[in-house]
Amino acid sequence: MWIAFRAFFSLLFLGRLPREAARYLPALPPDVAAGDLPRAATGQSAAQNPRPTDASATISAPPALAKPAAAAEPARQSENAAALRTEGALMLLTLLQREGRLLDFLRESLDGYDDAAIGVAVRDIHRDCRKVLDAHLKVEPVMPGQEDEAVSVPKGFDPSEVRVIGNTQGEPPWKGVLLHHGWRVVDAKLPTLAGDVDRHVIAPAEVKLT
Amino acid sequence: MSRYIVGIDLGTTNCAAAYVDLEGAGEPEIRQFLVPQLVAQGEIDERSTLPSFLLLPSADEVAAEAMSLPWARRPGFAVGEFARERGADLPHRLVASAKSWLSYSGVDRRAAVLPWRGAEAEPRDSDGEQVSPVEASSRYLGHLRAAWDHAHRDAALADQEVLLTVPASFDAVARELTVLAAQQAGLPNVVLLEEPQAAFYSWLARSGDGWRKALAPGDAVVVCDVGGGTTDFSTIAVADDGTGNLVIERVAVGDHILVGGDNMDLALAHTIAQRMGGKLGSWQQRALVHACRRAKEQLLGERPPDKAPVTVLGRGSKLIGGTLRSELGREDVQRLLLDGFFPSVAADVRPQKRRTVGLKELGLPYAQDAAITRHLADFLGRHGRRPTAILFNGGVMKGDALRTRIAEVVGGWFGQASLPALAGTDLDLAVAHGAAYYGLVRHGRGIRIRGGVGRSYYIGIEAAMPAIPGFAPPLKAMCVVPFGLEEGNTVDLPGEELGLVVGETAEFRFFASSSRPQDKPGALLDPEQAELVELDPVEATLPAEGDTEGRAVPVTLEAKVTAVGTLELWCVARDARGRWKLEYSVRERS
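Protein chains in written order, with the numbering used here: chain A, 1 to 210; chain B, 1 to 590.
Note that these hints are calculated values from the structure, not bench results.
Be a bit skeptical, because a hint or two may be false.
No more than 25 Å apart at the CA atoms, straight line, and that leaves these computed lysine-lysine pairs for DSS-like [stated by the list, open to error]:
no.: 1; chain 1: B; residue 1: Lys581; chain 2: A; residue 2: Lys131
no.: 2; chain 1: B; residue 1: Lys318; chain 2: A; residue 2: Lys208
no.: 3; chain 1: B; residue 1: Lys520; chain 2: B; residue 2: Lys476
no.: 4; chain 1: A; residue 1: Lys208; chain 2: B; residue 2: Lys279
no.: 5; chain 1: A; residue 1: Lys131; chain 2: B; residue 2: Lys476
no.: 6; chain 1: B; residue 1: Lys560; chain 2: B; residue 2: Lys581
no.: 7; chain 1: A; residue 1: Lys131; chain 2: A; residue 2: Lys155
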């Protein structure tokens, strides 16, 4: 499961798959391509991957050598991945705009408004976008502990989870100070898509008839 | 044997469902069924409730494809969150409050009259699909059924044990129509349960054995259920059955009152809109109602601030420039909500018959008096049972200040500072939860609330007297169903004989009362003096068989409360040569 979530968010935000997921890609079920109402087309299809996910595939394990994808379908694979990536991104933007007016806000010039006027609007935008986040993505710190306090970086840590800054000579464990606890999405639940609707329309134009 | 028990709250503004898996491990656990529904064009998500709104748009208003569901492509209509939100822009395509229409005898509830087109409707609104109140209710239930079946491929809802809640104030006709709506939705075997009882069951389920400590013989709990659009009261009493066992009995139900939380939010929004001065678009109007609801919850909550901000972002894509800001003060809430809807009144006041506050929609008989405490005084005054505790239900009752006000007002009527409240239920979801628990009770796992029918029913009989030109013969009402007749029981009325003419339709006037538990079957009274409420007439047609046409057949009446919770009236021929069911005639009455 974890790999599936991570795969989706790497796709969505970084545009690439995490290493652990790469070896599962060939098994993307064909119905995703057929558009059989994938759950938000999020790549959770990978979560439904019937292939057993063994314990060694968890996040802390050193990545296994990525096996080359089955040679037969590499082109379709990347097409699928691109379509999923786009649909997931559009969905999230649609939610943030519909519930929180985020796109309106980001596209509006702040020049000419004083901080108080912006503040009034931002309170609402913050509350409503936060609601979208809470409803659809469960986010947790990567590293427990208080910021600016001492932490230990264990042996065998994953550099994609912990970015160490400074002198890295010798072997971990290392002692350090937590600057930012990081963020990790531990659960994602986006709406299901139904019907053949143009997902590129984030918000329809509104016309009051006279 | 079904695997699941499913409780469905078919609400005026929101539906909800809860279920128990009888094959699950351990103690049966009641779970909420999250309802997948259209939340935006082409977008399905789960919600804890299904808003009871039906949108019937033209293809230009909403693309047919955009209303597709995982189980139905292009259904041609939408129910739930998207219907409510988009429908606010398209009121002429939106069916709301279908349940209130279901209990309103002013229209034919099987005729396609919704969305209601009153005299004020514009001509261009006069096209488009309309549905009957029964059909609208059946679409909500049909959505729940399809959503359930989609999630439980091997346990179709029609094969499960389904408990469907109705307001305690629903009369026999509205109950019958609710069962009909369920049948049309593909749920042929539902059992009805009154909503305040369901809320009480939810409290029982949540308190476990603790209820025996919380309540003692002689206690009476008044259930105060204020939903989005309706208010419903019941009294549930605890007694000792003589052998030391506690029994719980629903001893009184109130009338149907069309006032609820939506009226309160609208009252606040109306005040703020005036303060904002500007013209608000429909989107902003809706945003304002939401903002007012949030501010209301803050101001009615524990440790409320003095003021809560109400902001409405700009209508167009320039939101900061167009943002409107105002605030709602504690005194606004005090004046508009506490004093408007829950005034401190004496025990002997009665609801005013003239319209005071509230929203007016052509057609429905909205409560003329929005003061819920006056309706409560009326209810408690009429059945005379002194309450010892109160159970709140409905989302509106989340406001601490509102609960405190009601408990103090009712307590004051009985010389107490405040009436103790039973706590622990989820005010939004208790009815569905309690309905599922009632399913378990029917399996012998828990205590049952005894109650039977919440009204007594009467048939109009013309008194036998010489005809006087210009005067209709005086009408007597004969009690055919006493208050409290339990499910599965039958009442015979052998004494009174009526003549039915073969081949013709016989129609009887039909009355009910929620405040005459003393009437015995066969009792004759004057319907006006007894303040009976007239319902839709009942009728029976005796098929002509051979030579008997035109002959009068002497019959007696028989009344039965079915296991489902509906009421059946039968005409039984004296010589046992036949029996004919009296059907509710829901045609529009002039």
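25 Å Cα cutoff - pair lysine 131(A), lysine 155(A): violated, 37 Å
Pair hint outcome, lysine 581(B) versus lysine 131(A) [Cα-Cα no greater than 25 Å]: Given pair lysine 581(B), lysine 131(A) is violated - Cα atoms ~55 Å apart, limit 25 Å.
Satisfaction of hint between lysine 476(B) and lysine 520(B), Cα-Cα up to 25 Å: holds, 15 Å
Satisfaction of hint between lysine 208(A) and lysine 318(B), Cα-Cα up to 25 Å: Holds, at about 17 Å.
Lysine 560(B) paired with lysine 581(B) [C-alpha distance capped at 25 Å]: holds, 11 Å
Satisfaction of hint between lysine 476(B) and lysine 131(A), Cα-Cα up to 25 Å: At roughly 61 Å apart (the allowed maximum being 25 Å), lysine 476(B) and lysine 131(A) break the hint.
Pair hint outcome, lysine 208(A) versus lysine 279(B) [Cα-Cα no greater than 25 Å]: Holds, because 14 Å separates the two Cα atoms, which is no more than 25 Å.
Checked against the numbered hints listed earlier, the structure breaks hints 1, 5, 7; every other hint is satisfied.
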